[in-house]
Structures are given as structure tokens and as C-alpha cells.
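There are 2 protein chains.
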Amino acid sequence: MIMAKNNAGEEVQNKQVILRDYVNGYPRESDLYTRTNSIKLQVPQGSNGVLVKNLYLSCDPVMHFLMRKTEFRMSGYNYYVPGSPINGYGVAKVVDSGHPNFSAGNLVWGATGWEEYSHIQNPEKLFKIHHTDVPLSYYTGILGMPGITAYAGIFEVGSVKKGECVFISAASGAVGQLAGQFAKLLGCYVVGSAGSQEKVDLLKNKLGFDNAFNYKEEPDLDAALKRYFPEGIDFYLEQVGGKMFDAVLLNMKVHGRVAICGMISQYNIPEPEALKNLMHIAFKRLNIKGFTHRDHHHLYPKILETVVPLIREKKVVYVEDIVERLENGPAALVGLFTGRNFGKQVVAVAHN
Amino acid sequence: MIMAKNNAGEEVQNKQVILRDYVNGYPRESDLYTRTNSIKLQVPQGSNGVLVKNLYLSCDPVMHFLMRKTEFRMSGYNYYVPGSPINGYGVAKVVDSGHPNFSAGNLVWGATGWEEYSHIQNPEKLFKIHHTDVPLSYYTGILGMPGITAYAGIFEVGSVKKGECVFISAASGAVGQLAGQFAKLLGCYVVGSAGSQEKVDLLKNKLGFDNAFNYKEEPDLDAALKRYFPEGIDFYLEQVGGKMFDAVLLNMKVHGRVAICGMISQYNIPEPEALKNLMHIAFKRLNIKGFTHRDHHHLYPKILETVVPLIREKKVVYVEDIVERLENGPAALVGLFTGRNFGKQVVAVAHN
Numbered sequence: 076m077i078m079a080k081n082n083a084g085e086e087v088q089n090k091q092v093i094l095r096d097y098v099n100g101y102p103r104e105s106d107l108y109t110r111t112n113s114i115k116l117q118v119p120q121g122s123n124g125v126l127v128k129n130l131y132l133s134c135d136p137v138m139h140f141l142m143r144k145t146e147f148r149m150s151g152y153n154y155y156v157p158g159s160p161i162n163g164y165g166v167a168k169v170v171d172s173g174h175p176n177f178s179a180g181n182l183v184w185g186a187t188g189w190e191e192y193s194h195i196q197n198p199e200k201l202f203k204i205h206h207t208d209v210p211l212s213y214y215t216g217i218l219g220m221p222g223i224t225a226y227a228g229i230f231e232v233g234s235v236k237k238g239e240c241v242f243i244s245a246a247s248g249a250v251g252q253l254a255g256q257f258a259k260l261l262g263c264y265v266v267g268s269a270g271s272q273e274k275v276d277l278l279k280n281k282l283g284f285d286n287a288f289n290y291k292e293e294p295d296l297d298a299a300l301k302r303y304f305p306e307g308i309d310f311y312l313e314q315v316g317g318k319m320f321d322a323v324l325l326n327m328k329v330h331g332r333v334a335i336c337g338m339i340s341q342y343n344i345p346e347p348e349a350l351k352n353l354m355h356i357a358f359k360r361l362n363i364k365g366f367t368h369r370d371h372h373h374l375y376p377k378i379l380e381t382v383v384p385l386i387r388e389k390k391v392v393y394v395e396d397i398v399e400r401l402e403n404g405p406a407a408l409v410g411l412f413t414g415r416n417f418g419k420q421v422v423a424v425a426h427n
Numbered sequence: 076m077i078m079a080k081n082n083a084g085e086e087v088q089n090k091q092v093i094l095r096d097y098v099n100g101y102p103r104e105s106d107l108y109t110r111t112n113s114i115k116l117q118v119p120q121g122s123n124g125v126l127v128k129n130l131y132l133s134c135d136p137v138m139h140f141l142m143r144k145t146e147f148r149m150s151g152y153n154y155y156v157p158g159s160p161i162n163g164y165g166v167a168k169v170v171d172s173g174h175p176n177f178s179a180g181n182l183v184w185g186a187t188g189w190e191e192y193s194h195i196q197n198p199e200k201l202f203k204i205h206h207t208d209v210p211l212s213y214y215t216g217i218l219g220m221p222g223i224t225a226y227a228g229i230f231e232v233g234s235v236k237k238g239e240c241v242f243i244s245a246a247s248g249a250v251g252q253l254a255g256q257f258a259k260l261l262g263c264y265v266v267g268s269a270g271s272q273e274k275v276d277l278l279k280n281k282l283g284f285d286n287a288f289n290y291k292e293e294p295d296l297d298a299a300l301k302r303y304f305p306e307g308i309d310f311y312l313e314q315v316g317g318k319m320f321d322a323v324l325l326n327m328k329v330h331g332r333v334a335i336c337g338m339i340s341q342y343n344i345p346e347p348e349a350l351k352n353l354m355h356i357a358f359k360r361l362n363i364k365g366f367t368h369r370d371h372h373h374l375y376p377k378i379l380e381t382v383v384p385l386i387r388e389k390k391v392v393y394v395e396d397i398v399e400r401l402e403n404g405p406a407a408l409v410g411l412f413t414g415r416n417f418g419k420q421v422v423a424v425a426h427n
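Chains as they are written, first to last, in our numbering: chain A, 76 to 427; chain B, 76 to 427.
One should not assume that every hint holds.
Since the list can't tell identical chains apart, any single copy or any two copies may satisfy a pair.
[Said to hold, decoys possible] Below, computed lysine to aspartate or glutamate pairings styled on EDC-like, alpha-carbon distance capped at 16 angstroms:
{"id": "1", "residue 1": "Lys318", "residue 2": "Asp396"}
{"id": "2", "residue 1": "Lys351", "residue 2": "Glu146"}
{"id": "3", "residue 1": "Lys301", "residue 2": "Glu146"}
{"id": "4", "residue 1": "Lys259", "residue 2": "Glu239"}
{"id": "5", "residue 1": "Lys115", "residue 2": "Asp208"}
{"id": "6", "residue 1": "Lys203", "residue 2": "Asp295"}
These are calculated hints, taken from the structure and not from any lab test.
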């Protein structure tokens, strides 16, 4: 058994990232601050939770919603409370356990706090990490929630088939880079959009996309899509919304499919953009499915079985943007909404 | 064999409804005019078409698109040409035939011209009418294209099941009134929206909807839907778009389904309304399918088998708004876009 660095029972300092107040519009770094508390590295008496040391924290677009004060609340999420630490997905090491399935030294991934140590009251939902010959941070990405999302989007929700024309927006991001590589492995023609030349180069040269374009340099997204998809798009993985979605609707093939797991361009603007082409859903008899990884966790064993060998054989690569130290977490998180990240954005709180 | 009233070969006057010029925004009566030509009641030598006398013409929302000069053209439609007669679905009687499957006296429904007599060059796509103990005008509605749409929407695209909560917009229209009755026959809770108190009364008192509301008198469509669907909507048949679609997205159940066959509120406005709630497609993992009757014509024999007995046994009723004479066609057609019609809008050119 790997020994945890800290001893269970010890009282230690615990740095935390706190929400200052509910966020309107773009989140700014100043909406978050760090403070230091102390924590006893022990699950409270009678608790069947676990006390974990957080190693890698995942920056995810959905976190923007959790910062807002909204009437509509998605079930299954812990909305943030001003004055309290924010939460998200992360990789952690068990320091103390009140749960029979977990013991000190276990590596896990799942929902945790943005802090150095967290007491997780319902550890049943954590995934135990068994494969440690891959970077542990991958469990915030290719082997974590974005991996489930990409796998489900391509293989289950999209039922993508060999030879199809696939378009991926936010293609260099946590989900997009994987979804594109999965579609390539299936034998599809795959084009991605991203927000910088550097990201476009990454897609074309390192991730094996057939083509890619910088949406910020395309005055006419419809024309850009027609250039890359003269015959139209069979499957679109939608992550951005707004103008891009509108242009895609014009360029879908009859009976094309769209899988929507996000619309990041629409999260921060006071009024969403008007879409002109929704009627094409009917004209072209499109099938549009919203989905989240949450409905596909049952696929995880199959995903591990498929993807771990692909990583080992270097048939799939995964680009991460890791910032060191929890104090740099707020900047990394808000950078997600301006596309500052290059690949999957991770915060390394500790490496072991 | 029923003898046609006119004799094949005779030269007769042929009144036609002509498109004056391409339409922008709301079609007006003045965008159309009638003129009279003459026509020989005979298929041209060597043609394997049919010469028909038009009896009932169908006013359909899609006709608005055919009046426009647009770059995007749906396949399978004959876009209108200024100076020429418009076309649509209708019921007609064969006067002369150059096609082995048709002979004088046959009753048919399908695509025809807005004129007294039409030469239909590809009669293969016409449906022959065999059941004549129901009103012939029904073949523009419950037993025609809107019938296929409603049947496909509820039974195929929507896979609606007993006990589900179903919302139908444009519920007293050609498709909505039927879709609601089909859902009631399945054992669903069904609520419809319409644009006048008279239509709401029709839905509740004659068509058997569980409830109905006048969307024009609801300042807050979200609140209205929450009133009728406190637990949310399982299936929505979308025909109107805009504000209603946006409010529905807020009120769908998780994994709810939407079938879109039209968005009539958006056809005439210069800029489509901005939808605020598209993210709910992802939040609630909705499945949204565009569809048209055109993909479901193979269901027609089954529809006849199911629906004709329902009509005979008065288990389904069908409300038509029939105007007499082709000259009144333009007003009837443009009235569709302001909701002037009460039930399925039909133009009776002749009754036999």
C-alpha cells in the first residue's frame, strides 16, 4: 500500500478557492479568492466519507453555471455558495476513510472541492484509479469526465460511422481533441474549429484532424463550412452554440445528427444570439440530441478498456494545459471562457 | 366508372392563381392574382401524365417558403415563379390520362396546381382515393399530408406512449388537432395552445384535449406551461417556434422529446427571435427531431387502415375551414399566417 504523505489525524493548513459573490456575465479572476483554513486529516467520527488530498483539479465550462444565481438548477450539481469553496472534478488521494470500499493511499477521481484537502461525504460516486502508468492528470481529461463525454458523443449519442463527415467545434479543448481522434480512428473525415492558429496547427499536425480552421478569422462561418464540407456534415459535435451552430444548421446533410454537450459561446453574454436557421432542423430532418457524461458512466469500464491501450500505443494523444498551484486556479478557470487554455485545462494542487 | 363532367378533349376556361412577385415578409392577398386561360382537357400526345379537374386545394404553411426568392431550396418542392400558377396539395378528378395506372373518373390527391384544371406530368406520386364515404376534402387534411404528419409525429418520430404529458402548439390547425386526438387515443395527458378563445373552446369541448390555452393572452408562456405541466412535458409537437419554443425548452422533462415539423411564427419576421434556452437541450438531454411527412409516405396504407375506421366511428373528428371558389384562395392562403383559419384551411374549387 502506498503511504499517504500526511498522516491521518494530523491537523494541517488547507488552502481553498472561494466564490466571492454570484457571477453575472464573464467570470473574472476577482470573483474568486483563496483563503487558508485548517483541517484535521481524519473523517469525522461516524462518517462513512473519505478525507482526500487533492492532486489535480479540472477546469470545466459547466463551472460557469454553478457560479451564477439562477432559478433553474440542473440536478446532480453542487451550485457554488458565496463564501464557500467551489467544487468540480479532480484526482485525489485518500488520506483517511470511513468507507469500506476505500482506504488510505487509494487514488480516486470524481467530484471534489477546490482546496488542498476535502472531506467527501458520499464517496460511492468516486472512481478508483487502477492504471497508474499514464499521467494521473489524465483522470481529469481523457480518462475522466471529458473522456466519457467524447466517447459517448461519438460512439453512442452520435453513432458515428466510418466514412462520415464530422465537424467538431472547440476542437482542441478537453472533449473536442478526443472526439476528433475517435472519429478519425473510425475512418471519418474530420474537421475542427478552434480559436487560434496555434490550436489549428495542433489539430492538423499533432491530433490528426483532416483539416481545421480558426473561427475568429472567418468573417463568414457558412462559407468556411462550405469550403471544408462541400457535401455537407453528417455529424456535428456542438460545444459552442451561437453563430457557429447557426452556420452548421445551414451545412448539415439531410438526416444529419448533432450532439450537444455545451454552448460555451453563449454562457457569458447578456442576451443569447438569435439563430436564423432553426427551421433547417425541420427542412433537413435533423436529429439533435443533448447529452452529458452523467448518463454514460456505465460506459466507463469499456472506455478504460478501449482508451488505455490507445494511450499506451500512442494511437491517441492528449494535450493538457497544466498550471501549478491552487493559487493559480482562478486565473486558469476564468481563462477557459476566453479560450486562453491550450488543450485540457488542469490545476495541479500537488503531484502526489 | 364515374364519368367526368367535362369531356376529354373539350377546350375550356381555366382560372389560375398566379404569384405576382417574390414575397418578402408576410404574404399579402395582393401578392397573388387570378387570371383565366384556356386549356384542352386532354393530355398532350405522348405524355404519360394526367389531366385533372381540381376539386379541393390545401393551404399549407410551407407555401410561404415557396413564394420567396431564397438561396436555400428544399428538395422535392416546386418553388413558385412570378407570373405562373402556384402549386400545392389538392384533391382532383382525372379527366384524361396518358398513364396506365389512371383513367378518367379516378379520384386522386397529391401535388397539383392552383387552377381549375392541371396537367400533372408525373402522376406516379399521386395517391388514388378509394374511400369515398368520407368527405373528399379530408384528403387535403386528416387523410392527406397533415394526417401523415400528425400520425408520423405522434407514433413514429415522437414514439409517444400511454400516460405521457404531451403539448401541441398550433393545436387547432390541420396537424395539431389530429396529433392531439391521436395522443388522447394513446392515453396521454394532452394540452394545446391556439390563438383565440374560440379555438381554445374547440380544443377542450370538441377535440377532447385535457386543456388548452390562448397563447396571445399569456404574458408569460413559461408560467402558462408550468400551470398546465407542473411535472414537465414528455413530448412537444413543435409547429410555431420563437417564444413558444423557448418557453417549452424550460418546461421539458429530462430526456424529453421534441418533434419539429414547422415554426410558423418565424416565417414572416425579418429577424428570427433570439432563443435564450437552447442550453436546456444539453441540460435536459433532450432529443429534438425535425421531420416532414415526405419521409413517412410508406405509412400511408397503415394510416388509412387506422384512421378511416376512427372517422367512421366518430372517434376522431376533423375541423375544416372551407372557402368556396378559387378566387377566394389567395385570402384563405394568406389568412393562414395570421391564424384567420379555424381548423384545416381548404379551398373548394369544385365539389365534383
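Open item on the list: With identical chains, the pair Lys351 and Glu146 could be close in the same copy or across copies; at 16 angstroms between alpha carbons, which is it: within, between, both, or neither?
Closed with: between (27 angstroms within a copy, 14 angstroms between copies)
Open item on the list: Please sort Lys259 with Glu239 into within, between, both or neither, judging by C-alpha distance up to 16 angstroms.
Closed with: within (10 angstroms within a copy, 40 angstroms between copies)
- [ ] First find the shortest C-alpha distance between Lys203 and Asp295 inside one copy, then the shortest across copies, and answer within, between, both or neither for a cut-off of 16 angstroms.
- [x] Neither, since 46 angstroms and 48 angstroms both go past 16 angstroms.
TODO: Since the copies are identical, ignore which copy is meant and state whether Lys318 and Asp396 lie within 16 angstroms (CA to CA) inside a copy, between copies, both or neither.
DONE: neither (27 angstroms within a copy, 40 angstroms between copies)
Open item on the list: Please sort Lys115 with Asp208 into within, between, both or neither, judging by C-alpha distance up to 16 angstroms.
Closed with: This pair counts as neither: shortest intra-copy Cα distance 31 angstroms, inter-copy 84 angstroms.
Task: Up to 16 angstroms CA-CA - Glu146 versus Lys301, copy category - done: between (40 angstroms within a copy, 14 angstroms between copies)
Violation of the numbered hints given earlier is confined to hints 1, 5 and 6; the remaining hints are satisfied by the structure.
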